Every structure is written in structure tokens, then in C-alpha cells.
Amino acid sequence: KQEVTQIPAALSVPEGENLVLNCSFTDSAIYNLQWFRQDPGKGLTSLLLIQSSQREQTSGRLNASLDKSSGRSTLYIAASQPGDSATYLCAVDDMRFGAGTRLTVKP
Amino acid sequence: GAVVSQHPSRVICKSGTSVKIECRSLDFQATTMFWYRQFPKQSLMLMATSNEGSKATYEQGVEKDKFLINHASLTLSTLTVTSAHPEDSSFYICSAGRPVDGYTFGSGTRLTVV
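So the sequence lines, in the order shown, correspond to chains Y and F.
The first sequence: position 42 = 22 (this note's numbering), numbered continuously.
Converting from the second sequence to this note's numbering requires adding 63 to each position, the first position being numbered 1.
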């Protein structure tokens, strides 16, 4: 059974810092991996989708990498802003989620 | 982009009644839909996976007779919470899509059973 782990569980940074969120999974035979953000009490917004044949995807200040062989993905957020404060979740293709990283960016 | 409509967004019902939640993919066909529940400050818990035209696959510990899932078409899946009780109060979210495209989430339904 696929298990997804996210580290750290919570992260607080000052505005402007670059940061990295980590996601690991136990079964490397995945089809794709997605990163989402969830604002309190809201649904999820897809940030980036990485297919298994890809190594990274970029969207604006976000960059996600995928290393299937080691079972890891990272989400890099450049020049963080208070509006980035949310819970970030990763999910592999059977849509099993990690527990998320709760990010707080302080002005 | 892909849009998933989920409604109602909020529902309050009396204990013992049933509640139906709809999840629709508006501009694409979803071969697979997932249903999750989320308790406050906790992560999403996958309840079941449904593929169009076949019975849903429930996760261990999820009562299939209590949480009825119907995926009658490529654009619609429904979750019915039968004989709801206060402990069923939660945030329910659906997602829809295909492995090649990834998945899009609905905006969620906050169910309160009184």
C-alpha cells in the first residue's frame, strides 16, 4: 500500500524567503504526482502535476521536482509571500495524500 | 481549465436523515472520482474510489452501506450519507479526473448533523 509522507509538518518563514517542502512515497511505480494547496475550510487547488516521465514542473514562483527512483518530490517556493500561507499537500496517482505542510509566511 | 462542481457547499440535517452530495465535472469526462472526508486540522482521508459504470472501491474502515457512492456517468458521482449521525459531521470533498491529466477537486461540502 502506498504511503505518502510530508516533511516538515509546519513551517514558518519571513516574507521573501525561498523554501522547500518535501514529499516522499514508498512505491515508486507511480503514474504522476500532484502538489495542491488548501486554504482553511476550503477545497484544494492543484498547483503542479508531474508525470512519471518528467523530472520537474514550473509555474511562476513554484518549482516541483520528482525523483521516482528515490521516491521523493520537492516543492520549491521562491520569494515567499504572505498569500502563500496555506497547507500544501502532495498526492500520488491513486490520490493518497500526505498529511501536508502548514506554511505560514510572516509579513 | 478543468472544473469540478460540488454541491451543496453546506448542509445541516437532522440525525437519522440522509444527505446526498453531488460532484460534477463540468468540462471534461472523469473516468475516476474520489471521495474524501476531512476532520478539522487533519489531512484528507480517502473514503472511496469510483470508476464510471462500476461499483466503488471503499477504503478499509469505511462503511459502504452508510456512504453510498454512485458514479452513473463520466461527469457525475454522488455520495449519500445514510442515516446520518452527529459523528458524520465533517468536510467532504470529491475529486475527478484521469491519471494522465491529474485530478481536480470540488470546493467541498460541510455537513453538520444535529
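Everything labelled a hint here was simulated from the structure, so no lab data went into it.
Bear in mind the structure is a predicted one, so any value in this text is a computation, not a measurement.
Mixed in with the good hints, there may be bad ones.
As the list claims (entries may be wrong) - Taking beta-carbon pairs under 7 Å as the criterion, some of the chain F residues facing chain Y (in silico):
id	residue
1	S106
2	L107
3	I156
4	S170
Said to hold, decoys possible - Here are the in silico distance ranges between beta carbons for each label pair:
id	chain 1	residue 1	chain 2	residue 2	range
5	F	D90	Y	S(-8)	35 to 41 Å
6	Y	S49	F	S136	18 to 24 Å
7	Y	N43	F	S106	36 to 42 Å
8	Y	N(-2)	F	P149	42 to 48 Å
9	Y	G21	F	V177	18 to 24 Å
10	Y	P(-6)	F	Q92	41 to 47 Å
11	F	D90	Y	P(-6)	16 to 22 Å
12	F	K77	Y	T38	45 to 51 Å
13	F	E115	Y	L(-1)	37 to 43 Å
14	Y	Q34	F	S81	41 to 47 Å
15	F	E115	Y	I(-13)	32 to 38 Å
16	F	D90	Y	Q34	22 to 28 Å
17	Y	S(-8)	F	E115	38 to 44 Å
Built from N, CA and C at the ideal position, the CB exists for glycine as well.
* Asked: Can you name, in rising order, the numbers of the hints this structure does not satisfy?
  -> 6, 7, 11
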